[in-house]
Amino acid sequence: MTDLVAIRLTVNGQTRDGRAEPRKLLVDFLREDLELTGTHVGCEHGVCGACTVLVNGEAARSCLMLAVQANGAEILTVEGLMKDGTLHPLQQAFHEHHALQCGFCTPGMLLAALDFLGTNPEPTETEIRQGLSAVLCRCTGYQGIVTAVAAAAPTLRGPH
Amino acid sequence: MKPARFDYHAPTTVEEAIALLARYGGEAKLLAGGQSLMPLMNFRLARPAALIDLNVIPGLAYIHEDDGQLQFGAMTRQRTIEFSSLVRRRLPLLAEATALVGHLPIRTRGTIGGSIAHADPSAEYPAMLTALDGSVVARGPRGERMLTPAELFQSYLSTSLGPDEILVEVRLPAMPAGAGFAFEEFSRRHGDFAIVGIAAMVVAAEGQRCTSARLATAGAGPVPTRLRAAEEILEREGLSEPVIEAAARRAAELVEPDSDIHASAAYRKNLTRVLTARALRRAVARMGGR
Numbered sequence: 001m002t003d004l005v006a007i008r009l010t011v012n013g014q015t016r017d018g019r020a021e022p023r024k025l026l027v028d029f030l031r032e033d034l035e036l037t038g039t040h041v042g043c044e045h046g047v048c049g050a051c052t053v054l055v056n057g058e059a060a061r062s063c064l065m066l067a068v069q070a071n072g073a074e075i076l077t078v079e080g081l082m083k084d085g086t087l088h089p090l091q092q093a094f095h096e097h098h099a100l101q102c103g104f105c106t107p108g109m110l111l112a113a114l115d116f117l118g119t120n121p122e123p124t125e126t127e128i129r130q131g132l133s134a135v136l137c138r139c140t141g142y143q144g145i146v147t148a149v150a151a152a153a154p155t156l157r158g159p160h
Numbered sequence: 161m162k163p164a165r166f167d168y169h170a171p172t173t174v175e176e177a178i179a180l181l182a183r184y185g186g187e188a189k190l191l192a193g194g195q196s197l198m199p200l201m202n203f204r205l206a207r208p209a210a211l212i213d214l215n216v217i218p219g220l221a222y223i224h225e226d227d228g229q230l231q232f233g234a235m236t237r238q239r240t241i242e243f244s245s246l247v248r249r250r251l252p253l254l255a256e257a258t259a260l261v262g263h264l265p266i267r268t269r270g271t272i273g274g275s276i277a278h279a280d281p282s283a284e285y286p287a288m289l290t291a292l293d294g295s296v297v298a299r300g301p302r303g304e305r306m307l308t309p310a311e312l313f314q315s316y317l318s319t320s321l322g323p324d325e326i327l328v329e330v331r332l333p334a335m336p337a338g339a340g341f342a343f344e345e346f347s348r349r350h351g352d353f354a355i356v357g358i359a360a361m362v363v364a365a366e367g368q369r370c371t372s373a374r375l376a377t378a379g380a381g382p383v384p385t386r387l388r389a390a391e392e393i394l395e396r397e398g399l400s401e402p403v404i405e406a407a408a409r410r411a412a413e414l415v416e417p418d419s420d421i422h423a424s425a426a427y428r429k430n431l432t433r434v435l436t437a438r439a440l441r442r443a444v445a446r447m448g449g450r
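In order, the protein sequences belong to chains U and D.
Going by the working numbering, the residue at position 133 of the first sequence is 133; the numbering climbs one at a time, nothing skipped.
Going by the working numbering, the residue at position 44 of the second sequence is 204; the numbering climbs one at a time, nothing skipped.
Among the hints, erroneous ones may be present.
[To be verified] If the Cβ cut is set under 7 Å, some of the chain D residues that face chain U in the computed set are:
hint, residue
1, Arg-165
2, Pro-199
3, Arg-269
4, Pro-333
5, Arg-349
6, His-350
Simulated from the structure, these hints should not be mistaken for laboratory data.
The beta carbon of each residue, even a glycine, is placed where N, CA and C say it ideally should be.
Work the whole structure out from these sequences, hints included.
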């Protein structure tokens, strides 16, 4: 058996400890070891984007990182978006604009959109479509998602 | 699927990483951004005995300008390059090409050194290295050596880096002020691998006389290709529309693409012509400023 490696990281503001084989993917560590099943596993090869989380504030595919590589990192998952029982402005916009049906891509979509709006606070529709091409949705045809991200942009760039 | 078992090492110096490479005798893989290697391992198309993770070695991520040349530490993230004001000012073609590398969450992790060492012929950075006459620095047990793109790229996913060598730095000459430039690529969806991509840079003296032209391909053969004979047409005859079209036709004759599931060889040849013309038109329109 391969030795387990100790991992300490911050997830959604909380320090979490675990042990994992070096080959364990970050997404599996989040789901199986930390029981944060909001992050979804889709293609496992970096194409679908369902597993997108923020690593030190930047969106990354958690299926293309080893859990050991996240040692010491700060991770934000979909579970960390809601604050004090209130939906994050992006979540609220997704809710209002019917930006999901089955919801499988939604966690990845939200975190990719959050990072995208951080780098491009006033995007055009084309830029939103390009930015969100990092995550695949099989239900909505994207229209509701694009509308929701456009609607959330002014709220997110408002006074912090 | 999940990766097969491997030994995991996270050395803190390049020398330690080189010693580990030597110890595994070609059975270990270097892990940079992981955006190509991890999918291969998840599919078990790659089953290295060991992974040598370069992510915790300090001092491998930097962008310096030195004597008209930009030097990139191999572990510099594509995202850092995309948003670097130095790159936008001195290598705007690289900034434009970087925005086409995968998607933002890929560029968060992906590195310039990893992309070039992986040598995917459809990737943007190998084409950039070729177009801009850059070089890479490889370090091994016997010290450092410098390689030109022609020396580095051997074939699909193959380089002349030794099994105990690490690509540690990428060097790109800064673009001349006022150079026109464009990176054009065609893919099925934004962010997908390019079926064909063309990097173009033109420098002109007074009027339309072209003093220097650079054209390089992605996706039009097993290695990125400089289209020297097409560049010569521009340097000889100028940058008018008929000359651009002649150079584009010549470009299509210079490439020897293969057919695969994404596109036939004939389609890739045609794309080479079309994208060369588009890139040149956009580059010429941009000359002399932004």
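Going down the list of hints, with the structure as the test:
no.: 1; hint: Arg-165; in the structure: 5 Å, holds
no.: 2; hint: Pro-199; in the structure: 4 Å, holds
no.: 3; hint: Arg-269; in the structure: 5 Å, holds
no.: 4; hint: Pro-333; in the structure: 28 Å, violated
no.: 5; hint: Arg-349; in the structure: 6 Å, holds
no.: 6; hint: His-350; in the structure: 5 Å, holds
Hint violations for this structure: number 4 only, all remaining hints satisfied.
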